[in-house]
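Reconstruct the complex from the two isolated chains, following the hints.
Residue numbers (our numbering), protein chains in the order written: chain G, 1 to 198; chain L, 1001 to 1276.
Hints may be right or wrong, so weigh each one.
[Claimed, not checked] Subject to a maximum C-alpha distance of 25 Å in a straight line, what follows is the list of computed DSS-like cross-link-like pairs (lysine-lysine): (1) L:K1147 with L:K1189; (2) L:K1250 with G:K67; (3) L:K1002 with G:K144; (4) L:K1242 with L:K1189; (5) L:K1236 with L:K1250; (6) L:K1193 with L:K1171.
[Said to hold, decoys possible] Partial selection, computed: residues in chain G whose CB lies under 10 Å from chain L: (7) A69; (8) Y87; (9) A126.
[Claimed, not checked] What the simulated footprint calls covered on chain G by chain L, stretch by stretch (three residues with Cβ under 8 Å from a Cβ of chain L suffice, anywhere in the stretch; the number is not a length): (10) 15-24; (11) 70-80; (12) 97-111; (13) 148-158.
Treat the hints as calculated values from the structure; they're not laboratory data.
These numbers come from a predicted model, not from an experiment.
Beta carbons: idealized from backbone N, C-alpha and C, even for Gly.
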Amino acid sequence: MNHEPAHRQFRALVIGGSAGALGAMLRFLPLLPRRFPLPVMIVVHLPPDGESLLAPLLNSRCQLSVKEAEDKEPILPGVVYIAPPNYHLLVEPDFVLSLSQDECVLYSRPSIDVLFESAADAYGDALAGIILTGASSDGAAGLKALVDAGGRAYVQDPATAEASAMPEAALDACPTAQIVDPSQIAALLLRELVPAPS
Amino acid sequence: MKTAAAETEDIELHLLMEAIFQKYHYDFRDYSPASLKRRLLQARDRFGCTTFSALQERVLHDPGMLPQLLSHLTVQVSEMFRDPGFFRVLRTEVVPHLRTYPSLKVWIAGCSSGEELYSLAILFREEGLEERTLFYATDINSTALRKAEAGVYDLARIAQFTTNHQRSGAKRSLSDYYTAAYGAAVFDKSLRKRVVFSDHTLASDAVFAEVHLVCCRNVLIYFNRELQNRAVGLFKDSLVRKGFLGLGSKESLHFSAHAGDFAEFSRSERIYQKRG
Ligand SMILES: C[S@@+](CC[C@H](N)C(=O)[O-])C[C@H]1O[C@@H](n2cnc3c(N)ncnc32)[C@H](O)[C@@H]1O
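Okay, chain L solo, but in the shape it has when bound (with noise of 0.2 Å):
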């Protein structure tokens, strides 16, 4: 049984992710809950708010605060070469897959600020397939695509991201894709100049294109198991035949209702394959 105050409280989260989406078509209502509701009274209390009703209230008249709480409602923890094992897998039994297509399409959903984009980029140049390659990289947050589309990380990340580089398998050295400068480390141009960088989210936008690899890592985890399906749906449309979908280290397809449209390619670093 619960107490009152928590059934309240549950009706006021409800309500307040109903108005955030009428109001301005965010939709969080399919998130899970529980990790959603601790964001949230995070925002609460960093808004002075005593309520998620006071905070619905704010939210409704101030479309100016709705940025700061986009940032709040959604988590943007990244890295480059994120999980080396993933990109070493990639490079050593996806890419000689990929190598037999002509053209190819990439799709990066929920690239955040940008790290894992840039990472899969040098990959492609490094496997010599970046010349051939489209690169869809898509997220909700519009702050943190523009810091994808700049690529100016801290210096102080750096050697995290160099450390990763060297286990995914690297053929150069970073410091090869990057200029120093001021305390950061800005990436080279070229290496978005292939890159089409957009609002995209996988709660109610359609496919755009077809591709054929699919990464969207540590995403799918702040999603309900509907939301879950609705976004692996979209990914299983977007593939082509024996094309490949690439999850972050803690999510598989093992509880989706698409699990049986793809085969597990790599079990532990999770990529699977769309099934012909």
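The following block holds chain G by itself, in its conformation from the complex (with noise of 0.2 Å):
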């Protein structure tokens, strides 16, 4: 983490969670400000049928304008994008996004796997991503495919997790992410994703 690329510039953020992950970002999602110059795409697993509140619901509360993702629509900064119920969220190699109903991975769709691996394609070592609390061991495979990428890792502190499936299993596959307590994440991720102005 010390020797970072001088040039290293992250282009986006991806977060997933599932049990208590609403809690948990409501934690630092409302702190980012306005200029918060990323994308933020985010998986958090719902029941299938319900209408999604998660948008509407985060949008009220954050100062970054949160919606829910639509099919091929365009990245941009500073928009959080919320995968919808009962749909993959993915990231083109053209950065827009897609949605799709291909199977359930890990009994989840929306799977933060999904997300997280076509993301680590789109955007290689320019992508940052965060495995929040949660009671499955999605998001372990997508946030290795993102390390291996050569993109930054962090993880939810398991003492501070609802439920630590999740972060454990993204520990176990990703000994180098960076642990976090949620928090100090907003403080965080704009030391160190955002560039200081120069």
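Below, the structure written as structure tokens:
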């Protein structure tokens, strides 16, 4: 982490979680300032036929604008995109979003692995990802793909997680990931991902 | 920046799509690459290949594996009266317009194994439009088309279909339209007496009829923007003035080159009307 190439510029942030993830996100997403220059893509496991209330809820609490992701939507900096229930969310190589109803991965659709793997393909080492609290091992393979592509990995401290299975699986797959407490994430992201104004 | 391995894989994927196109004329070159890649990785593992190049060699030299590969490449999830709200709006708001035509043509593009076709045929029967309607049910997957022509579904799926049908504003019971036998629901063959089943690809085939309603649901999300534009262009050319286009619940014309040619008829149910 100390041997960061000076030219490294982050271009996107991906976040995944399940049980307890809303609470964890509410501890740092509202703190990200309107000028936060990266797009943020989020998968949270939800019941498949529920209407998604997540985007409006987060939108009302955040300075960034938060919306449900649409198919073939161009990705814009400073916008938070939420995967709709029952659809996988993917990043295409030309930086538009896609939705798909391919099979569930680890019983989940949307799947964190699907988002993270496609984002790692598209952004390479310019991607950062956070695995939050959750009760499945979804996200571990995705975070590993992100690390293998040279991206920056963060995992919620299992001790602070409502369900520790997800962060534990992610840490098993990515031992070099940085362990974080949700209340510190906003400051950390601003420090590590956003270039200081020159 | 991408790793060298990731770059190589992109090249291989591109070449594989090109090989399938040149050899078999199935054109997946303009599908959404991210989800296509996932499906191909599954196919690669399934066929015991370690690289896409190895899979390409198999595909080129063993035409027998094409059908299996095609079933990996296309997503076949479907359901009768999927998203009941869509069919309810069709019934209550689109049907009154359709009634004004003495004869009707409906194109179900990407009909998969027929669930959507039978839903529409039942809806048209319940609304008294069936006798004046011709349905075109098209897909690129011939296995799926054969299932559509058979109209036989696992009995275990019928409970869901029945709930959906009720929620769509059903006028009769779904059980009026099928007979149960050996764990399967066999749909009444009279429902398909006015149906033409056909192999047709939105990637390269042309318009074949003038129609009043196009349903193309949960197909466009698998295409990249250019191919989506091509497909919607076909629908536009095929539709009569003021004709209707129904898309899947997460599809829209929002980012389409043809957005200006259609008016939003039902925003929530993704139903569009071609401008006059
Ligand atoms: C997810 S299914 C949708 C089934 C149905 N329309 C529904 O909404 O329930 C997608 C279908 O699109 C078909 N398809 C894929 N590419 C196509 C193409 N280029 N032209 C026509 N159909 C295509 C697939 O074979 C598959 O049957």
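Results of checking the hints against the structure:
In summary, the hint linking K1147 of chain L to K1189 of chain L is supported, as the alpha carbons are separated by about 13 Å, within the 25 Å threshold. Proposed proximity of K1250 of chain L and K67 of chain G is supported: the alpha carbons are some 14 Å apart, at most 25 Å. Among the hinted pairs, K1002 of chain L with K144 of chain G is consistent with the structure: their alpha-carbon atoms are about 15 Å apart, no more than 25 Å. As the CA atoms of K1242 of chain L and K1189 of chain L are separated by approximately 31 Å, the hinted pair breaks the 25 Å bound.
Under the criterion of a C-alpha separation no larger than 25 Å, the hint pairing K1236 of chain L with K1250 of chain L is consistent with the structure, at around 20 Å. The suggested pairing of K1193 of chain L with K1171 of chain L holds, with an alpha-carbon distance near 21 Å, which does not exceed 25 Å. For A69 of chain G, the suggested interface contact is upheld, since its CB lies about 9 Å from the closest CB of chain L, less than 10 Å. For Y87 of chain G, the shortest C-beta to C-beta distance to chain L is roughly 6 Å, which falls under 10 Å, so the interface hint holds.
For the restraint placing A126 of chain G at the interface with chain L, the shortest Cβ-Cβ distance is roughly 7 Å, inside the 10 Å limit, so the hint holds. Residue count for the region 15-24 of chain G with a Cβ under 8 Å from a Cβ of chain L: 0. That is fewer than the three needed, and the coverage hint is violated. Check on the region 70-80 of chain G: 5 of its residues sit with their Cβ under 8 Å from a Cβ of chain L, so the three-residue criterion for coverage holds. With a threshold of 8 Å between beta carbons, the proposed coverage of the region 97-111 of chain G by chain L holds, since 5 of its residues qualify and at least three are required.
Counting residues of the region 148-158 of chain G whose CB lies closer than 8 Å to any CB of chain L gives 3, which reaches the minimum of 3, so the coverage claim holds.
Consistency note: the structure conflicts with the earlier hints numbered 4 and 10.
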